[in-house]
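J.: Which chain is which? The protein sequence lines are B and D, in order.
Going by full-length UniProt numbering, the first sequence opens with residue 1, and the numbers climb by one from there.
Going by full-length UniProt numbering, the second sequence opens with residue 1, and the numbers climb by one from there.
Heads up, some of the hints might be wrong.
[To be verified] Listed next, the in silico DSS-like pairs over lysine-lysine satisfying Cα-Cα at most 30 Å (straight line): (1) K210(D) to K311(D); (2) K210(D) to K44(B); (3) K364(D) to K335(D); (4) K311(D) to K364(D); (5) K364(D) to K33(B); (6) K129(B) to K44(B).
It should be emphasised that the hints constitute simulated quantities derived from the structure, not laboratory data.
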Amino acid sequence: AGCSQCPGTPLSPLSSPPTVTSEQIEHLHRRFKQLSRDQLTIRKENFDSIPDLEFNPIRGKIVHAFFDKRNLQPESDGLADEINFEDFLTIMSYFRPIEMNMDEEQLDRFRKEKLKFLFHMYDSDHDGKITLQEYRNVVEELLSGNPHLEKESARSIADGAMMEAASICVGQMGPDQVYEGITFEDFLKMWQGIDIETKMHVRFLNMETIAHCY
Amino acid sequence: MFLLLPFDSLVVNLLGISITVLFTLLLVFIIVPAIFGVSFGIRKVYMKTLLKIFQWATLRIERGAKEKNHPLYKPYVNGIIAKEPTSLEEEIKEIRRSGSGKALETPEFELSDIFYFCRKGIETIMDDEVTKRFSAEELESWNLLSRTNYNFQYISLRLTVLWGLGVLIRYCFLLPLRIALAFTGISLLVTGTTVVGYLPNGRCKEFLSKHVHLMCYRICVRALTAIITYHDRENRPRNGGICVANHTSPIDVIILASDGYYAMVGQIHGGLMGVIQRAMVKACPHVWFERSEVKDRHLVARRLTEHVQDKSKLPILIFPEGTCINNTSVMMFKKGSFEIGATVYPVAIKYDPQFGDAFWNSSKYGMVTYLLRMMTSWAIVCSVWYLPPMTRQPEEDAVQFANRVKSAIARQGGLVDLLWDGGLKREKVKDTFKEEQQKLYSKMIVGNHEDRSRS
């Protein structure tokens, strides 16, 4: 069972040495084939076949992230209609766990990439800024399941959080100063000193130890 | 032409003799025991021999694979991701704690909350519990059926010869034998029940009907070379009760009905199935619905209740999952049968996939292809456990009762107990499930928000 579509280095934006084993790539390939129903590309509709994903309130944003060209290639923009296995792996690679042998520079780059992925999730109109409206949009989606929650409450929560973000990024604002939106630099500032790498990764089960049990 | 005559008659004679011998053997060793419900034990001997051969074949493959350095076993398919066993609340608290170090009594929405959902989403995209239940289970040893070993490569001449021999035996000897038996069984069922149907209602008719049904089902069991082990037969369903079981294939019906006399429930089909159904109902009051009636839940419930309340009527056989599952798990039971209020007799059926995979993947194979696959496997081996009867407690509703029965069946059969609906094979998740998760999260944030504004 070869991975016929795998190019030499499938993990292009994160150019650190590949930490996924070939067996794990095979697994992901099998999963890709299952989702795509044996086609070469996946479209948004293919994600509908995962029942567990329906549980997730930000399902729309997660699926959208797979087709967001900003995540697939550096310095590009727009939306793709369909993605192939290489793109699928690229998105998955944003969730690699950190390796023990990474140096400072690699860790920093790693972290920036993960935060960039999150930033793109918030910034739905691709203008490089998270505006108040976009922030409200995310909060509303996360809280959308509760029928007793007034839209106003969700809005006020978003506004409060946005104001706090502004105070971190710009400091005290004058009465007629308008905060345009959170740029990526501001976003990074907000996460300074906070350890996100351990929270934003998916760990594979170690296959070798299990197979030898027979 | 005249020179060929003696040769011709010799061939004809030989043919005639061999067919007669074959049919006599068939009659003596298979059909007669089926009528009386006894067994010579031939199938058990067959099974033991096969097991020995499979063990040899597996050892041979392992040796061959080691020599060639091939990875042999498919990795453990019960999940490829190490999932954290923590709940939504714990995880979000931890994310926030590692984040700002702020006091946890004033939880508000934080940017970091999105991490949890993002990660969960990616995890389910990589691997989810439900989709893998709808494809056939993968085996770790090889049973000389190339359809179950996806990694089959040429290892040795002896193994290939053995496999070839296996194909020959299965297709040229076992298959015609089984088809002949199936044909006999079905035609006996149809004629037998029609004949019994002409008798006046009474003890005699019931007695005959029961034995005709049992005999024909036993012949069908032998037609599939099904080797069944029944456990706890003292818990077998009684009149006026409902028998529920997990569903893997249409063969489940034959397996259960060859050990007990049940009233079947189902939709009337056309074709051969329809003929069998119409004949059966003449001898015994099965509950068949027209296609239009199936949609009307109240009608269905009413007819079932009527049947159950008549204590002289037979126990009903129902498969509450509603669809075929691949026998590694039990999915959600539809609550309809549990609302009726009769005693429920749960039955767990577990197939041993070593001899032939009984799962019917209806999106991949039609009924005829499926039956052919069954008849060209080595055997169908399964265990049936009759669990003690259960009744609905006053404080539980139909859904809870259904789940309780489901857990008992899953535990006994060694299957995974899943909350998901078997209908997910074809449809999407209901919105109610999605809203549950969202409600939990929003309660965390807003519930505390309201507390603060009140104080």
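J.: Each hint should be assessed against the structure and marked as holding or not.
T.: Hints, one by one, checked against the model:
Proximity of K210(D) to K311(D) is assessed by CA-CA distance (about 17 Å); at most 30 Å being required, the pair is judged to hold. Under the criterion of a C-alpha separation no larger than 30 Å, the hint pairing K210(D) with K44(B) is inconsistent with the structure, at around 55 Å. Of the supplied pair hints, the one linking K364(D) and K335(D) holds, its CA atoms being roughly 28 Å apart against a limit of 30 Å. The hinted pair formed by K311(D) and K364(D) fails the criterion: a straight-line CA distance of about 42 Å is larger than 30 Å.
A hinted pair counts as satisfied when its Cα atoms are at most 30 Å apart, and K364(D) with K33(B) qualifies at roughly 16 Å. For the suggested pair K129(B) and K44(B), the alpha carbons sit about 25 Å apart, so the restraint of at most 30 Å is met.
Of the hints listed earlier, those the structure fails to meet are numbers 2 and 4, in rising order.
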